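Colleague: When you get a sec, could you build the whole thing from the sequences and use the hints?
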Amino acid sequence: MSIEQENHHPGDSRFFSKSGPYTIEYLVKETGAQLTPPRKDVDTVEFSGIAPLQVATSTEISFLDNKRYLPLLAETKAGLVIVAPAFADKVPEASAALVTSNPYLVWAKIATLFYPKDKAKPGVHPTAYIHPDAVIDPSVEVQPFAVIMNNVHIGKECIIGAHTVIEQGVQIGEYCRIGNHVSLSHAVLGDRVTLYSGARIGQDGFGFAVGDKGFVSIPQIGKVVLQNDVEVGANSTIDRGSVRDTIIGEGSRLDNLVQIGHNVQMGRCCIVVSQAGISGSTQLGDFVTIAAQAGLIGHIHIGDHARVGAQCGVMSDVEAKSDVIGSPAMPFKEFFKNVAFLRRMAKSSKGKEDN
Amino acid sequence: MSIEQENHHPGDSRFFSKSGPYTIEYLVKETGAQLTPPRKDVDTVEFSGIAPLQVATSTEISFLDNKRYLPLLAETKAGLVIVAPAFADKVPEASAALVTSNPYLVWAKIATLFYPKDKAKPGVHPTAYIHPDAVIDPSVEVQPFAVIMNNVHIGKECIIGAHTVIEQGVQIGEYCRIGNHVSLSHAVLGDRVTLYSGARIGQDGFGFAVGDKGFVSIPQIGKVVLQNDVEVGANSTIDRGSVRDTIIGEGSRLDNLVQIGHNVQMGRCCIVVSQAGISGSTQLGDFVTIAAQAGLIGHIHIGDHARVGAQCGVMSDVEAKSDVIGSPAMPFKEFFKNVAFLRRMAKSSKGKEDN
Amino acid sequence: MSIEQENHHPGDSRFFSKSGPYTIEYLVKETGAQLTPPRKDVDTVEFSGIAPLQVATSTEISFLDNKRYLPLLAETKAGLVIVAPAFADKVPEASAALVTSNPYLVWAKIATLFYPKDKAKPGVHPTAYIHPDAVIDPSVEVQPFAVIMNNVHIGKECIIGAHTVIEQGVQIGEYCRIGNHVSLSHAVLGDRVTLYSGARIGQDGFGFAVGDKGFVSIPQIGKVVLQNDVEVGANSTIDRGSVRDTIIGEGSRLDNLVQIGHNVQMGRCCIVVSQAGISGSTQLGDFVTIAAQAGLIGHIHIGDHARVGAQCGVMSDVEAKSDVIGSPAMPFKEFFKNVAFLRRMAKSSKGKEDN
Chain A
1 MSIEQENHHP GDSRFFSKSG PYTIEYLVKE TGAQLTPPRK DVDTVEFSGI
51 APLQVATSTE ISFLDNKRYL PLLAETKAGL VIVAPAFADK VPEASAALVT
101 SNPYLVWAKI ATLFYPKDKA KPGVHPTAYI HPDAVIDPSV EVQPFAVIMN
151 NVHIGKECII GAHTVIEQGV QIGEYCRIGN HVSLSHAVLG DRVTLYSGAR
201 IGQDGFGFAV GDKGFVSIPQ IGKVVLQNDV EVGANSTIDR GSVRDTIIGE
251 GSRLDNLVQI GHNVQMGRCC IVVSQAGISG STQLGDFVTI AAQAGLIGHI
301 HIGDHARVGA QCGVMSDVEA KSDVIGSPAM PFKEFFKNVA FLRRMAKSSK
351 GKEDN
Chain B
1 MSIEQENHHP GDSRFFSKSG PYTIEYLVKE TGAQLTPPRK DVDTVEFSGI
51 APLQVATSTE ISFLDNKRYL PLLAETKAGL VIVAPAFADK VPEASAALVT
101 SNPYLVWAKI ATLFYPKDKA KPGVHPTAYI HPDAVIDPSV EVQPFAVIMN
151 NVHIGKECII GAHTVIEQGV QIGEYCRIGN HVSLSHAVLG DRVTLYSGAR
201 IGQDGFGFAV GDKGFVSIPQ IGKVVLQNDV EVGANSTIDR GSVRDTIIGE
251 GSRLDNLVQI GHNVQMGRCC IVVSQAGISG STQLGDFVTI AAQAGLIGHI
301 HIGDHARVGA QCGVMSDVEA KSDVIGSPAM PFKEFFKNVA FLRRMAKSSK
351 GKEDN
Chain C
1 MSIEQENHHP GDSRFFSKSG PYTIEYLVKE TGAQLTPPRK DVDTVEFSGI
51 APLQVATSTE ISFLDNKRYL PLLAETKAGL VIVAPAFADK VPEASAALVT
101 SNPYLVWAKI ATLFYPKDKA KPGVHPTAYI HPDAVIDPSV EVQPFAVIMN
151 NVHIGKECII GAHTVIEQGV QIGEYCRIGN HVSLSHAVLG DRVTLYSGAR
201 IGQDGFGFAV GDKGFVSIPQ IGKVVLQNDV EVGANSTIDR GSVRDTIIGE
251 GSRLDNLVQI GHNVQMGRCC IVVSQAGISG STQLGDFVTI AAQAGLIGHI
301 HIGDHARVGA QCGVMSDVEA KSDVIGSPAM PFKEFFKNVA FLRRMAKSSK
351 GKEDN
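Protein chains in written order, with full-length UniProt numbering: chain A, 1 to 355; chain B, 1 to 355; chain C, 1 to 355.
Honestly, the hints are just simulated from the structure, not real lab data. Just so you know, these numbers come straight off a predicted model, no measurement behind them. Accuracy of the hints is not assured; some may be wrong.
20 Å max Cα-Cα, derived SDA-like pairs, lysine to any residue [what the hints assert, rightly or not]: (1) 347/B <-> 338/A; (2) 333/C <-> 315/C; (3) 117/A <-> 216/B; (4) 67/B <-> 315/C.
Between beta-carbon pairs, the in silico distance windows are [to be verified]: (5) 211/A <-> 304/C: 12 to 22 Å; (6) 125/C <-> 319/A: 44 to 54 Å; (7) 34/B <-> 68/A: 47 to 57 Å; (8) 135/C <-> 317/B: 49 to 59 Å; (9) 305/A <-> 86/C: 36 to 46 Å; (10) 75/C <-> 349/A: 55 to 65 Å; (11) 101/B <-> 68/C: 56 to 66 Å.
Ideal placement from N, C-alpha and C gives every residue a C-beta, glycine not left out.
Modeller: What follows is the structure in structure tokens.
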């Protein structure tokens, strides 16, 4: 089969194993969503999987979360579609609608029923190197060529990916998933922490003084704390603290290629999208969102529920619940007003200015 | 020898092995470029190598592709210089000119004659871990500590770098080159695909719903398709699809530290320069160029042959063949007009505004 | 102990081993700083460690470098505080003040006394793969699963981290520290070079010509030279030269996730902060600072002591000693004047423009 003939239906069996099928009754019960309108076969049909609107079949479940895709809803063959109340009447007649105020959450729950997370397969691969003074729960899975040094503690049912290196003294809670090629040092992890491949956690921060003959490194003697349910994306980097700790608060999620400087302290359920960077000693409250490629200077404070837009350059404190964008950062409304004003003014100067 | 005394002539024999020498007749035949003016010894001289204008000798070949370097052309000792027709008469008398409308392409061809790509040295290094259910062509080279899991297929004459991890079910075509420390999962690769060191391909996209107690992950059940001749730079990250596939089209090239979100679909021969990022579900046509550090939001479409400038922030569709820059993105001309207008206006307000 | 109860005092003994204690006499002698005012017990007290102002105890040393933290100075319990002359009289009565014109440098020196760098523990881990033609000083430490290929030379007392791959012909000076998971090829390193985990040094630059059927790679036949005392951050990427060398000058420091294109030549003691990128063939003088997320196009020159601001987009040469910011780059003063002017003008147009 050539690559052009690849089947693009999700859940390719080469990579994923599927659970189910599930009855509608079970799915309604598990998600709390409401079935409407009832279809004749609602009691007997078994749903075998999930798929996007454009490829789903009559025994598959799909969802609509972005009104941009309403044209696809009109043509879907999905047997069941998860939608918000506003779109319930847009679901085609041949499909049932599973209505909920949070379609994406119901989709998450149903998708997880069909594709539950892999569990740890207890055991240490014979090629891994484990220091005799490491303490590893027997339920932990350690993959090929992992390196686990002295006085590391790893709690139950963790998965330690191939080629990952865990340095002396690192503490890891339960049910954590550490990807491949991760570097982990000077760190304490809570439960259910997920680190994707190539994440670098705990290296020295970028700290040095200027001496007579060049730069002089400053020992970085803090650590990294990743609280429960934190996720860190592929190839992201989190420096350990210089004299305090770098702390990523409970439930926060960092995307790929994110940089976190030393001493950064982040509250609960923050989101940091790919290629954003947070400089040293900056503090984030809870539920802060930092969009892609945004950058924050050091030693500032971002209030709870603040949202920092993509590519934003933040040079001073941001108040709770505010939305900023631009470089330097300003309120969303002001930024777009400025942009529109400048475009209009420059355009109207055309006759006079062009040469 | 101290590091200050390093020889900066290219092709250092510690790192490169050189083919040749080649006669001018052979080089002309292989490249289709035209020799002018003929030199007396054109039939007998053998060229032994290539070098930049400033260090090339009389048996070496050089090239001029950027008029910025014309002063170097005037002083070169190179025996042969590849140039565009416009610069043919600028080549010094002691050198011959190899004239072509595409000097950089001819340079590529000649450089490849002297420095052909390494071929796979068939065999699996004894330290590698190969799952018994992997299917690997006997011509493949597998370097130390590579990990290849069950049901992976690898076609002929591929090179799998040291410490690379290839997860269950991954399909790799022929003549692919996978660097060191690569993580590769949930992926199907065509022929002649090149992945540089530290690339992360196929991990979960950044997809989660907001639940009562925090974020809820959404199983990501698509895959990554890298079509023929795709190249992915060092430490770049390509997330697998959520419900569709993430697709990088034939011949496209991604530089280092690039981020590609889930479900991105890229056409043929696109270029994505270092540290650029493309958010989930965005689609690129063919021959699109995304310059360094540009960022594209999700769910938009970039037309064929469009060019997105460095650091550009793209928040909406871009038409085919258009050039955009700025954050938010606008046409090149408008952007630079706005910049010039603002600078002029702010400057002229100097007397009144300064305090 | 749950993660919430973690002790955030620096120097956690699970990760760090501490030297000392030290007398004030010794510290004054080692640093050249001046003790003032003298305390009664100055001759007899021994200082046992270092800590930030808010947690330091009477036998610990702290420092103030940023006036933002003056409120913490007023309340500190530290026995000794390193300060600039201007703040000497702000040190609480119960503390002694160690006064110096460069508090951060004195802090670096004292911190290094308490936490000296780890020394190489001579020996090759039995799981490492060393090619028989590699030449490694017997004082070198080689950690698990490192791969060192033919004709690599490594000088005395280097540390080669777990899982690092050093390709054919690479030359490494003395006292270098190579982190985990580093890829190192086509490179010559001076003494005391530090590479953090996941750094990719020496891969092909992003060089290709446009042919009839797609892109044609150009062999990259230069190398990477990292001079003495260079540091490269985690997951940063430095491409080798195409026909010249990529050179990072003595004492320069690159932060995490930095991209350096082929043929870049950087002078002495430059600083490149995280997520910044420098395109091919650009040259930096000495003591240049490139702030976070800045981007430089190729083939330009940045003068000595120039400073490029965060997120700056540099499209042309920058003069020595100048400060630029913005995208496109302009002088600091002009940039902020433009920003202020636009905000004011757009605001004053409010009545007329809003709809």
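Colleague: Measure nothing beyond the straight line between the CA atoms of residue 67/B and residue 315/C; if it is 20 Å or shorter, mark the hint as holding.
Modeller: 17 Å, holds
Colleague: Regarding the pair residue 117/A and residue 216/B, is the alpha-carbon distance no greater than 20 Å?
Modeller: Distance of about 12 Å is within 20 Å: holds.
Colleague: Given the hinted pair residue 333/C and residue 315/C, is their alpha-carbon gap at most 20 Å?
Modeller: 18 Å, holds
Colleague: Taking 36 to 46 Å as the stated bounds, is the beta-carbon spacing between residue 305/A and residue 86/C within them?
Modeller: Cβ of residue 305/A to Cβ of residue 86/C: about 38 Å, so the range 36 to 46 Å holds.
Colleague: Is 47 to 57 Å a correct range for the gap between the Cβ atoms of residue 34/B and residue 68/A?
Modeller: 53 Å, holds
Colleague: Between the beta carbons of residue 75/C and residue 349/A, is the distance compatible with 55 to 65 Å?
Modeller: Holds, at about 56 Å.
Colleague: Is 44 to 54 Å right for how far apart the beta carbons of residue 125/C and residue 319/A are?
Modeller: At 52 Å between Cβs, range holds.
Colleague: Go ahead and decide if the range 49 to 59 Å is satisfied by the Cβ distance of residue 135/C to residue 317/B.
Modeller: 57 Å Cβ-Cβ, so the 49 to 59 Å window holds.
Colleague: Please verify whether residue 347/B and residue 338/A have alpha carbons no more than 20 Å apart.
Modeller: Holds: residue 347/B and residue 338/A sit about 18 Å apart, inside 20 Å.
Colleague: Holds or violated: the 56 to 66 Å window for the beta-carbon distance between residue 101/B and residue 68/C?
Modeller: Distance hint for residue 101/B, residue 68/C holds at roughly 60 Å.
Colleague: Taking the beta carbons of residue 211/A and residue 304/C, is their distance inside 12 to 22 Å?
Modeller: 19 Å, holds
Against the hints set out earlier in the document, no violation occurs for any number.
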